[in-house]
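*Asks:* Chain residues, written in single-letter form:
There are 2 protein chains.
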Amino acid sequence: MELLRISVATKNRHKVEEANIALKSFGIELVPVDVPKVEIQSDDLREIAIYAARAAYQYLRRPVVVEDSGLFIDALNGFPGPYSSYVYRTIGVEGILKLMRGVEDRRARFVAVVAFALREDWIEVFEGVVEGTIAEEARGSHGFGFDPIFVPFGETRTFAEMSSEEKTRYSHRGRAFRKLGEWIAKNIDKLKPLLQT
Amino acid sequence: MELLRISVATKNRHKVEEANIALKSFGIELVPVDVPKVEIQSDDLREIAIYAARAAYQYLRRPVVVEDSGLFIDALNGFPGPYSSYVYRTIGVEGILKLMRGVEDRRARFVAVVAFALREDWIEVFEGVVEGTIAEEARGSHGFGFDPIFVPFGETRTFAEMSSEEKTRYSHRGRAFRKLGEWIAKNIDKLKPLLQT
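Residue numbers (this note's numbering), protein chains in the order written: chain R, 365 to 561; chain U, 365 to 561.
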């Protein structure tokens with residue numbers, strides 16, 4: 365099978381790795397491209413991803429994928445949500461653990477939104493969610509971001525205690541990118557002319 | 365003196381009130397207008413304000429002021445910074461106090477950036493900063509946002525323990541808007557044709 369290569373606008377190598385694990389069985393490989401990223405402030409990941417995908421398309425003038433994701437903690441009213449990356453860079457894992465100290469309700473979810481811009485006016489959106497809880501302390505060294513404090517339902521280990529392959533089986537990102545793969549596979553005849561430029 | 369009225373793209377009545385206190389002696393009054401606000405994600409308030417001002421101008425097709433502000437806490441690497449409004453809505457004042465529990469270095473600053481779009485390609489930017497510390501507990505009921513936990517240098521009271529007039533004398537927002545007022549006053553002959561539409 366011929367490998368279908370599609371541009372993805374991210375500099376995060378972990379994200380590219382996880383996306384490509386999810387897309388492998390569809391014969392798709394995402395190739396990172398350097399695009400000035402335009403992210404708006406919004407409580408809605410879909411809105412952020414759609415805006416970014418359109419901006420990336422306008423810059424590249426060819427089909428491009430963007431992904432946005434966040435950790436939403438119930439007891440913190442959804443914080444850090446769409447700003448997870450900024451929150452990670454400032455208060456970090458320790459900050460979240462401090463905010464959750466003494467909090468009984470530890471429910472949280474990771475959400476990933478993948479937006480695929482095929483034209484300026486044609487953007488397909490795929491969402492993946494994984495429910496879980498915030499651990500009492502950080503564990504594990506795989507992955508990135510808040511992986512060391514997130515335990516998916518049905519597991520005792522954090523995402524950072526799993527290999528990328530194992531994490532991607534459960535994860536928000538794995539789910540969103542598998543939906544993308546399925547959609548591309550189903551529509552491949554229609555998409556071929558757009559993707560082979 | 366004839367009052368000069370200029371549109372401001374905000375729904376926050378506290379911001380409008382403080383801006384108009386600062387601008388009164390310049391004979392300027394800001395009038396809130398309803399504009400879909402486009403805020404980008406950035407660690408740089410200036411970048412956010414300039415982008416928003418341009419977008420607001422493109423929507424209104426007339427001169428418009430936008431303001432963006434944030435609380436930057438040294439010990440938290442600048443958190444909550446440009447995302448202060450989201451952080452206030454989720455973890456709130458109590459969340460910041462919890463993050464600062466046991467932290468000795470309580471230095472922080474409020475920063476306001478005012479961007480004034482006169483044309484699509486002409487945006488003037490004014491910045492105001494006030495240095496201070498994070499209080500040990502919330503005090504006062506005036507103002508909004510993180511005012512109850514911010515004590516400006518040289519004071520023992522928080523911003524929320526001061527009237528709007530008194531706060532505006534010290535505040536980041538007061539400083540930024542007074543700079544705007546001075547600039548408009550100095551350039552009024554050049555600006556009149558643009559502002560009287």
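Worth double-checking, as some hints may not be accurate.
[What the hints assert, rightly or not] Reference listing, derived: stretches of chain R covered by chain U, where coverage requires no fewer than 3 residues with Cβ under 8 Å from a Cβ of chain U:
#1 429 to 435
#2 516 to 522
[Stated by the list, open to error] Reference excerpt, derived from the structure (chain U facing chain R, CB under 8 Å, subset only):
#3 Leu368
#4 Ile370
#5 Ser371
#6 Asn441
#7 Gly442
#8 Tyr450
#9 Lys462
#10 Trp486
Keep in mind the hints are simulated off the structure, nothing from the lab.
From the three backbone atoms N, C-alpha and C, an ideal C-beta is built for every residue, glycine too.
*Asks:* Work down the list of hints and note, for each, if the structure agrees.
*Replies:* Comparing the hints with the structure gives:
1. Chain U is given as covering the region 429 to 435 of chain R, and this is violated because 0 residues of the stretch bring a CB closer than 8 Å to a CB of that chain, at least three being needed.
2. Judged by the Cβ-Cβ criterion of 8 Å, the region 516 to 522 of chain R is not covered by chain U as claimed, because only 0 of its residues qualify and three are needed.
3. A hinted interface residue such as leucine 368 of chain U counts as satisfied when its beta carbon comes closer than 8 Å to some beta carbon of chain R; here the least separation is about 30 Å, so the hint is violated.
4. Look at isoleucine 370 of chain U: its Cβ only gets to about 24 Å from chain R, farther than 8 Å, so that hint breaks.
5. Proximity of serine 371 of chain U to chain R is violated relative to the hint, the smallest CB-CB distance being about 21 Å (cut-off 8 Å).
6. The closest approach between the C-beta of asparagine 441 of chain U and any C-beta of chain R is roughly 4 Å, which is under the 8 Å cut-off, so the hint is satisfied.
7. Because the closest C-beta pair between glycine 442 of chain U and chain R is about 6 Å apart, less than 8 Å, the hint holds.
8. A hinted interface residue such as tyrosine 450 of chain U counts as satisfied when its beta carbon comes closer than 8 Å to some beta carbon of chain R; here the least separation is about 6 Å, so the hint holds.
9. For lysine 462 of chain U, the shortest C-beta to C-beta distance to chain R is roughly 6 Å, which falls under 8 Å, so the interface hint holds.
10. Evaluation of the tryptophan 486 of chain U hint against chain R yields a violated restraint, the C-beta minimum of about 22 Å exceeding 8 Å.
In summary, the numbered hints that this structure violates are 1, 2, 3, 4, 5, 10.
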